[in-house]
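Chemist: Spelled out, the chains give:
2 protein chains.
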Amino acid sequence: MKKIEYTPIGIIHSPFKEPKGVPIQAAVSKEKGTIEIFPEYEEGLKDLDKFSHIILIFHFHLSKKGKLLAIPYMDTKERGIFSIRGPSRPNPIGISTVKLLKIAKNILFIENVDIVDGTPLLDIKPYIPKFDNRDTENIGWLKGNIQKLPNKKDDGRFRK
Amino acid sequence: MKKIEYTPIGIIHSPFKEPKGVPIQAAVSKEKGTIEIFPEYEEGLKDLDKFSHIILIFHFHLSKKGKLLAIPYMDTKERGIFSIRGPSRPNPIGISTVKLLKIAKNILFIENVDIVDGTPLLDIKPYIPKFDNRDTENIGWLKGNIQKLPNKKDDGRFRK
Numbered sequence: 001m002k003k004i005e006y007t008p009i010g011i012i013h014s015p016f017k018e019p020k021g022v023p024i025q026a027a028v029s030k031e032k033g034t035i036e037i038f039p040e041y042e043e044g045l046k047d048l049d050k051f052s053h054i055i056l057i058f059h060f061h062l063s064k065k066g067k068l069l070a071i072p073y074m075d076t077k078e079r080g081i082f083s084i085r086g087p088s089r090p091n092p093i094g095i096s097t098v099k100l101l102k103i104a105k106n107i108l109f110i111e112n113v114d115i116v117d118g119t120p121l122l123d124i125k126p127y128i129p130k131f132d133n134r135d136t137e138n139i140g141w142l143k144g145n146i147q148k149l150p151n152k153k154d155d156g157r158f159r160k
Numbered sequence: 001m002k003k004i005e006y007t008p009i010g011i012i013h014s015p016f017k018e019p020k021g022v023p024i025q026a027a028v029s030k031e032k033g034t035i036e037i038f039p040e041y042e043e044g045l046k047d048l049d050k051f052s053h054i055i056l057i058f059h060f061h062l063s064k065k066g067k068l069l070a071i072p073y074m075d076t077k078e079r080g081i082f083s084i085r086g087p088s089r090p091n092p093i094g095i096s097t098v099k100l101l102k103i104a105k106n107i108l109f110i111e112n113v114d115i116v117d118g119t120p121l122l123d124i125k126p127y128i129p130k131f132d133n134r135d136t137e138n139i140g141w142l143k144g145n146i147q148k149l150p151n152k153k154d155d156g157r158f159r160k
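Top line first, the protein sequences correspond to chains A and B. Note that our numbering gives residue 79 to position 79 of the first sequence, counting from 1, and the numbers run on in steps of one. Note that our numbering gives residue 68 to position 68 of the second sequence, counting from 1, and the numbers run on in steps of one.
Derived by calculation from the structure, the hints in this document are not laboratory data. Check before you lean on any hint, since a few could be wrong.
Remember, identical chains collapse to one label, so a pair may be satisfied in a single copy or spanning two.
As the list claims (entries may be wrong) - Straight line, CA to CA, 16 Å or less: simulated EDC-like cross-link-like pairs of lysine to aspartate or glutamate:
#1 Lys20 with Glu31
#2 Lys148 with Asp75
#3 Lys148 with Glu40
#4 Lys50 with Glu78
#5 Lys67 with Asp135
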């Protein structure tokens, strides 16, 4: 099938200069960061400052080429890549829901950053609980591992 | 900034042959569909069948080129494109959280489909409430409009 091409709309800045040490999920990160939206997209930020949370869609630019099986940070067994959230995937697309603190012109100030500095941003969507929250019955291999979340950091295993 | 290239991992099949008439969010759709994962990615589905919900990341292949302001389905005013969820965006990437009913080889059976038939799929991630659910304070322009959600359908306005 034919390839799909996207152009970054901005760059995410964070205190994390390398993948190693980054919190593995936004939900457990207290770190702050900024997003520089390229000036040609600034008009698209209108009305966004009234939302408390936003979904970032970005490109894992420092991840090595993905295999179809990988050992996730929170387990010791190899799992199918579509059942884990790690960055080395067939299409290395990341999603993070972060708190939006404020917007000044083309700069967004955010909290809950689990993203390495310099990451290319592809899209922003407003987070809306009635759209995005789910009650689930099953969380697969994470069931016995979810308690590890608060203290888990990227250990560099997916770095290219 | 340089372009980023992705290759679809599969195709989403649904009862919706055109954008017009599609429920505007997975959260309010009862429709079923299937996803055909291309055989070369089938191994990556291992362990996924133990999750009840999955996040689909896909390409809005039928949307017209995005402008930076647009009138969303659930409002009557023009809003910044990053504050709405419509498909005509600088990078036309969609996300939907759907219920996973079962997997048979490379075919996923899903429910809550808000996606048009033939949509190229870029990634699948397991949905994990502790990663993905948020309590938010503000939902911007949607505050006075959210009650419209259950009955809203795509009216074709973003069709190319």
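Chemist: Each hint: holds or not?
Modeler: A quick look at each hint next to the structure:
1. Proximity of Lys20 to Glu31 under the C-alpha cut-off of 16 Å is restricted to the intra-copy arrangement: shortest distance 15 Å within a copy versus 41 Å between copies.
2. Taking the shortest Cα distances, Lys148 and Asp75 sit within 16 Å of each other inside one copy (9 Å), while across copies they are farther apart (42 Å).
3. Taking the closest pair of Cα atoms, Lys148 and Glu40 never come within 16 Å of each other, the shortest separation being 42 Å inside a single copy and 32 Å across copies.
4. For a Cα distance limit of 16 Å, the shortest separation of Lys50 from Glu78 across copies, 15 Å, qualifies, whereas the shortest one inside one copy, 42 Å, does not.
5. Neither within a single protomer nor between protomers do Lys67 and Asp135 lie at most 16 Å apart by alpha-carbon distance, with minima of 30 Å and 34 Å respectively.
Taken one by one, the earlier hints fail for this structure at numbers 3, 5, listed in ascending order.
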